[in-house]
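Student: Given the coordinates of chain A, work out where chain B should sit on it, guided by the hints.
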Amino acid sequence: MAVALIMVLVAIGSVVFHWLSPWWWTPIASNWEYIDQTLIITFWITGIAFVAVVGFMAWCIFRYRHRPGQQAHYEPENKRLEVWLTVATALGVAAMLAPGLFVWSQFVSVPDDATEIEVVGKQWQWSYRLPGEDGKLGTSDVRLISDTNPLGLNPDDPNGRDDVVIEAGDLHLPVGRPVKVLLRAIDVLHDFYVPEFRAKMDMIPGSVTYFWFTPTRTGTFESLCAELCGVGHAVMRGRVVVQTEEEYQAWLQGQRTFAQLAAR
Amino acid sequence: MGDVAHTAGTAVPHDDIDGAELYHPHSWLTKYVFSQDAKVIGVQYALTAIAIGMVALVLSWLMRLQLGFPGTFDFIDPAAYYQFITMHGMIMVVYLLTALFLGGFGNYLIPLMLGARDMVFPYVNMLSYWIYLLAVLVLVASFFAPGGPTGAGWTLYPPQAILSGTPGGQDWGIILMLLSLCLFIIGFTMGGLNYTVTVLQARTRGMTLMRMPLTIWGIFTATVMALLAFPALFVGAVMMLLDRLLGTSFFMPALVEMGQQLSYGGGSPILFQHLFWFFGHPEVYIVALPAFGIVSDLIATHARRNIFGYRMMVWAIVIIGALSFIVWAHHMYVSGMHPWFGFFFATTTLIIAIPTAIKVYNWLLTLWRGNIHLNLPMLFALGFIVTFVNGGLTGLFLGNVVVDVPLSDTMFVVAHFHMVMGVAPVMVIYGALYHWYPKVTGRMLDDMMGKIHFWVTFLGAYLIFFPMHYLGLLGVPRRYHDIGQTSFVPDSAHTLNAFISVVALVVGAAQLLFLFNLFWSLRRGKEAGPNPWNATTLEWQTPETPPGHGNWGRELPVVYRWAYDYSVPGAARDFTPQNEPPPAAAP
Chain A
1 MAVALIMVLV AIGSVVFHWL SPWWWTPIAS NWEYIDQTLI ITFWITGIAF
51 VAVVGFMAWC IFRYRHRPGQ QAHYEPENKR LEVWLTVATA LGVAAMLAPG
101 LFVWSQFVSV PDDATEIEVV GKQWQWSYRL PGEDGKLGTS DVRLISDTNP
151 LGLNPDDPNG RDDVVIEAGD LHLPVGRPVK VLLRAIDVLH DFYVPEFRAK
201 MDMIPGSVTY FWFTPTRTGT FESLCAELCG VGHAVMRGRV VVQTEEEYQA
251 WLQGQRTFAQ LAAR
Chain B
1 MGDVAHTAGT AVPHDDIDGA ELYHPHSWLT KYVFSQDAKV IGVQYALTAI
51 AIGMVALVLS WLMRLQLGFP GTFDFIDPAA YYQFITMHGM IMVVYLLTAL
101 FLGGFGNYLI PLMLGARDMV FPYVNMLSYW IYLLAVLVLV ASFFAPGGPT
151 GAGWTLYPPQ AILSGTPGGQ DWGIILMLLS LCLFIIGFTM GGLNYTVTVL
201 QARTRGMTLM RMPLTIWGIF TATVMALLAF PALFVGAVMM LLDRLLGTSF
251 FMPALVEMGQ QLSYGGGSPI LFQHLFWFFG HPEVYIVALP AFGIVSDLIA
301 THARRNIFGY RMMVWAIVII GALSFIVWAH HMYVSGMHPW FGFFFATTTL
351 IIAIPTAIKV YNWLLTLWRG NIHLNLPMLF ALGFIVTFVN GGLTGLFLGN
401 VVVDVPLSDT MFVVAHFHMV MGVAPVMVIY GALYHWYPKV TGRMLDDMMG
451 KIHFWVTFLG AYLIFFPMHY LGLLGVPRRY HDIGQTSFVP DSAHTLNAFI
501 SVVALVVGAA QLLFLFNLFW SLRRGKEAGP NPWNATTLEW QTPETPPGHG
551 NWGRELPVVY RWAYDYSVPG AARDFTPQNE PPPAAAP
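If you read the protein sequences in the order shown, they are chains A and B.
Under UniProt numbering, residues 1 to 264 are what the first sequence spells out, in order.
Under UniProt numbering, residues 1 to 587 are what the second sequence spells out, in order.
So here's chain A without its partners, still in its complex pose (with noise of 0.2 Å):
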């Protein structure tokens, strides 16, 4: 009896406890509500499965505890009633899935009109990259790393002369315009997570990783660090500040240019 009823307490708790939390996610600052909705119908769909199989099983607790002259029923298989359960218990599934996988093949397609810029992380910094006037990244090597060329541009390369290199300062974004933003790291895994966001990715040294999503409104965001690097893995941190269309170009004339930090 006892027992039951402290199972029911649990499944109600804990629903009890889902709605009066005061942690809930950061409000969202991008275009990927869809993420959210997904996963509010996560919570429903997975909120009712839980408290009917912790109703059921304190139900059965309270009805088929043991008493004299009780006897269980022997019955090894039903047929009809596990086909039934896998029929409704598949239908659930894909009922998260199905829109799952449609916002994912959004989160996966990178608009076409999408600016690139870049985020570059090291042990515990990050920096960034953001294309110049011709609107092209230029190429970069590892191998070309030094200390006057601290995300290791290619010289070169003519579309990186007017790139933007912001060492340790703030990320500014305009608002309402995609941005996929390319990912690099020069020593070890990092990942540059915002949660208003959303979206993150990890940054693999060797590679160049990338999301895209579109800013939706105005502010400053902190970033952090979201797979370990090292002992200064929770110091990793960044802010993003994102503006009106002007304050981004008016913030933007007073940076400098590849070309303009290699002739110092």
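No lab work stands behind these hints, which were simulated from the structure alone.
Using N, Cα and C, we set each Cβ at its ideal position, and we do this for glycine too.
Honestly, I wouldn't trust all of these hints.
[Stated by the list, open to error] Sample of chain B residues lacking proximity to chain A, with all beta carbon distances greater than 10 Å (derived): (1) 169; (2) 326; (3) 525.
[Said to hold, decoys possible] Computed beta-carbon distance windows for the label pairs: (4) A/207 with B/519: 52 to 58 Å; (5) B/265 with A/260: 28 to 34 Å; (6) B/491 with A/143: 17 to 23 Å; (7) B/325 with A/260: 36 to 42 Å; (8) B/523 with A/77: 41 to 47 Å; (9) B/259 with A/27: 36 to 42 Å; (10) A/115 with B/265: 29 to 35 Å; (11) B/512 with A/115: 39 to 45 Å; (12) A/260 with B/258: 38 to 44 Å; (13) B/569 with A/37: 30 to 36 Å.
Tutor: Leaving out everything else, chain B in the frame of chain A:
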């Protein structure tokens, strides 16, 4: 024994000694230390696993002290914290759960439940334990090595695992960890071949595969999986050792560390991740399948009801085992692998939910219309169902690729895997220990201590890990020794962290009560008799309790029925042992 085919005319002297005399050990050393008896080896495995598990428990306390009260304990700096999480994770997953389920329960139960005298290769079986012990000692040695143990996280991702920014990366830590893993895998392979061949070849007369208890199905399938999955970790470990010691570049691309160009070049960090998770995901089920099997038997026995849908249960175990080899990259959705992989791995991952759900339904339907005795093993089985269902359902968040993107690498993941492969299998381990302790020792574990242990552990663990999901939802990353001042983390999250830490200390203390019970009941526990739970399976029908060397006296048992004849209509008792002949055949 001693039967040899003679060729005529060759004089072969008769054995002077009876074969049985050669079979049984004669000294204390060969009986209890260098024993070839699977039961003794099983107990050795279990005690070693529990001992190293206590280290992992203390490490979890230290981590929680840091997370709950950051800055209070000077000796826990970031390096120490990363060493604690790494060793805690590796010990729990490999050296405790895998070793205890397969080496501990596998050794003790496989021969007994199948009506065999022992494992088929007893000497190799003995070696398996001693190599496991050596692996544990090498692992422990890293605590005392220069630079301390590795702090690379239990996933040991290169390049950071072997670079100087990570504790133990350029010292002994990572080397000892990789060596220890290699030793573990060698030792496990010796044991694993034994379990597999014993199940296939040494079952007694009448014990068909489809009459085996689900415990054996779970352990058997998990063993086969482990034999296929561990080699991937083995090669990964060897290659990383070569990268670290000889300067090869299997996993190391050209990189610049702290402004220094290193001589590595051309390797792939992500290749290691594929190798690791090709092992790592089956590993989840290597732990889960024995737990599934054991909990099925606990529920059937203590609900006095046949397991519901036995054939479906067997097929579910086998299908889960097979599918678990094609879902590994769901650990890598945000690793930077080709994004199209996401479609495939999300689909396979969610498909696995179906056979898993069937298992949950069948446990519930076994309780339904049962005659439920709320003994300690049953309580732990119920605790398992709640925590496993909870952890399994949050797996549907993380498995569904796009939902994983915001949640990966946050505390949501930590909460999920602790619930599903930490708390849930540990519940089964405890249930199993309360269930089989009377067979191993002849005495019952104390009931009062057991009840306190259960409620504190079950409710406490739930209070620790359920709210933790919401920290992850908020965006708190995992593997942070201190979240510090972060714009989106409110003060209330720090309060929650402190609460979780206090509960964790209490839950840890309850495990000490269990340890005390384990030793106290050895002498003071109630006499158990041969079959205290009125169970049907063969291990409860041995002529002696605890069973002697060779298990069965002079004659092996003969099996006439499946393992779940509980409450058969018309039978005199509410259980019919597997070796009880049908009425017509009785003399």
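Student: Hints first: check each against the structure and report whether it holds.
Tutor: We went through each hint and held it up to the structure:
no.: 1; hint: 169; verdict: violated, 8 Å
no.: 2; hint: 326; verdict: holds, 16 Å
no.: 3; hint: 525; verdict: holds, 23 Å
no.: 4; hint: A/207 with B/519: 52 to 58 Å; verdict: holds, 54 Å
no.: 5; hint: B/265 with A/260: 28 to 34 Å; verdict: holds, 31 Å
no.: 6; hint: B/491 with A/143: 17 to 23 Å; verdict: violated, 47 Å
no.: 7; hint: B/325 with A/260: 36 to 42 Å; verdict: violated, 54 Å
no.: 8; hint: B/523 with A/77: 41 to 47 Å; verdict: holds, 45 Å
no.: 9; hint: B/259 with A/27: 36 to 42 Å; verdict: holds, 39 Å
no.: 10; hint: A/115 with B/265: 29 to 35 Å; verdict: holds, 32 Å
no.: 11; hint: B/512 with A/115: 39 to 45 Å; verdict: violated, 59 Å
no.: 12; hint: A/260 with B/258: 38 to 44 Å; verdict: violated, 26 Å
no.: 13; hint: B/569 with A/37: 30 to 36 Å; verdict: violated, 52 Å
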